[in-house]
Structures are given as C-alpha cells and as structure tokens.
Amino acid sequence: MSSDNQSPILSQDDLDFWEKNGYVVAKKAVSEQNATRAAQAIWDFLEMDPENPDTWYPDPPRPSIMVEIYQNQALWDNRQAFRVHQAFSQVWNNEKLWVSFDRGSMNPPNRNPEAKQFGLHWDTNVDKRPISFGVQGVLYLTDTAENQGAFQCVPGFHNTIEDWLDSLPEGEDPRRQDLHALGSKCIPAEIGDLIIWRTALPHGAS
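In our numbering, the protein residues as written are 1 to 206.
If you're looking for bench data, these hints aren't it; they were derived computationally from the structure. Backbone N, C-alpha and C fix where the C-beta goes; we use that ideal spot for every residue, glycine too. Check before you lean on any hint, since a few could be wrong.
Each pair of labels, with its calculated beta carbon distance range [unchecked claim]:
1. T142 / W92: 37 to 45 Å
2. W164 / F101: 27 to 35 Å
3. D173 / W92: 26 to 34 Å
Here are the simulated lysine-lysine pairs, BS3-like style, with alpha carbons at most 30 Å apart [stated by the list, open to error]:
4. K128 / K20
5. K128 / K96
6. K28 / K128
7. K20 / K185
8. K27 / K96
9. K128 / K27
10. K27 / K185
11. K185 / K28
12. K185 / K128
Using the sequences plus the hints, can you model the full thing?
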C-alpha cells in the first residue's frame with residue numbers, strides 16, 4: 001500500500017459534513033490512471049466499446065447494473081490504494097480494516113423516456129435497534145454529473161431514522177415506503193473520487 005501522500009484525505013470540514021449528512025466525497029481517492037484502468041477492465045469484461053453506445057445495450061438486456069468482476073488487478077490496485085484505506089480509516093476512526101471484496105457496476109443512460117426511477121434500499125437490518133453503525137462506498141471511474149447518476153441517497157437520514165421507523169403504523173414495512181419522498185439526492189463526483197455513506201441512509205443507483 002503506497003503512502004506517498006500522508007496528509008489526511010478528509011479535512012475537518014469533510015468530517016463535519018459526514019457527521020451531519022451521513023455521506024462524504026473523498027476527493028482523488030485513486031489516481032485518474034488507476035480509475036481509467038478499472039473502467040477499461042469493466043468494459044473488456046462486458047465486451048463493450050466505451051466509444052460505441054450501441055454496444056452498451058445487449059439483447060437480451062443485462063439483468064442488473066452490477067458487473068461480476070472480482071479478481072482483476074486493476075480493481076485490487078484501487079481496493080488497496082492508500083487514500084482509499086485512509087478515508088475509510090477516518091470514518092471508522094480505526095486503521096485496522098479488512099479490504100472488502102466487491103464488484104463493479106455499469107449503468108448506461110436509459111433510452112426509455114418513461115423508465116421508472118431507481119428505488120432506494122438499505123443494506124442493513126432496520127428492524128433491529130439500535131441501528132448499527134456501518135459504511136459502504138462507491139468509487140467513481142468517470143466524471144459523473146448530478147444528472148448522470150451514479151449514486152443517490154437521503155442525506156442526514158441517519159439522524160432521524162429511528163424516529164421515522166417509530167412513526168410508521170404497526171405492521172408497515174419500511175422498505176415498501178416511498179423513500180424518495182424523504183429527500184433523495186443524486187451525488188456528483190469526479191473520476192477517482194470515493195463516496196462513502198452510512199448504511200442507515202436509504203440509497204441506490206440513479
């Protein structure tokens with residue numbers, strides 16, 4: 001793990017934003033070169049051409065935006081990047097972390113003007129109290145504007161989730177509520193930026 005840049009990736013302002021909003025953008029967590037290599041690995045795995053949008057929409061369609069690529073060296077280089085580890089260490093306040101073993105994703109622009117908005121979800125147990133602390137992350141491999149996706153969440157919901165859960169009528173499933181109505185927001189970021197969020201935030205692709 002390279003440690004060529006020892007300055008904290010998250011400033012105090014970033015950490016204050018994290019406490020308030022439950023997510024944070026760690027800028028330049030990996031180099032543009034490393035991000036580009038990972039993106040190319042995903043294109044190659046999918047047998048798609050980044051310069052030819054007609055290849056992005058296979059028939060039959062892919063069942064999910066997730067890409068089951070795991071062992072490619074380009075992904076390992078990013079998993080083990082010093083600044084990625086540093087950002088997660090700061091939000092956990094602990095440097096002794098396991099490297100997660102996750103996959104890629106590819107979500108091209110939707111050509112259907114009537115397509116429904118992606119739903120939001122949790123990847124944690126919201127039925128058990130107190131809601132446990134956990135974090136997740138997504139590394140942007142291309143510059144992504146707010147109107148392009150790729151990630152959305154409900155900022156700050158970790159501060160009110162238990163009160164909201166208590167307000168639901170008995171028997172209501174929190175996962176079947178209109179979670180977008182809670183104030184979902186698309187999060188833009190640049191190539192190489194890492195978005196980290198608390199698992200208590202409803203979130204999803206966008």
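Here's how the hints hold up against the structure:
1. At about 27 Å, the CB distance of T142 to W92 disagrees with the hint of 37 to 45 Å.
2. At about 32 Å, the CB distance of W164 to F101 agrees with the hint of 27 to 35 Å.
3. Distance hint check for D173 and W92: the Cβ-Cβ separation is about 30 Å, which falls inside the suggested range of 26 to 34 Å.
4. Distance hint between K128 and K20 is fulfilled; the C-alpha atoms sit about 23 Å from each other, no more than 30 Å.
5. Under the criterion of a C-alpha separation no larger than 30 Å, the hint pairing K128 with K96 is consistent with the structure, at around 26 Å.
6. A hinted pair counts as satisfied when its Cα atoms are at most 30 Å apart, and K28 with K128 does not qualify at roughly 36 Å.
7. The hinted pair formed by K20 and K185 meets the criterion: a straight-line CA distance of about 15 Å does not exceed 30 Å.
8. Between the alpha carbons of K27 and K96 the distance comes to roughly 22 Å, so the proposed pair stays at or under 30 Å and holds.
9. A hinted pair counts as satisfied when its Cα atoms are at most 30 Å apart, and K128 with K27 does not qualify at roughly 33 Å.
10. Straight-line distance between C-alpha atoms of K27 and K185 comes to about 19 Å, which keeps the hinted pair within the 30 Å bound.
11. For a cut-off of 30 Å, the pair hint linking K185 to K28 stands: about 22 Å separates their Cα positions.
12. With a CA separation close to 26 Å, the supplied pair K185 and K128 stays within the 30 Å bound.
The earlier numbered hints that this structure contradicts are 1, 6 and 9.
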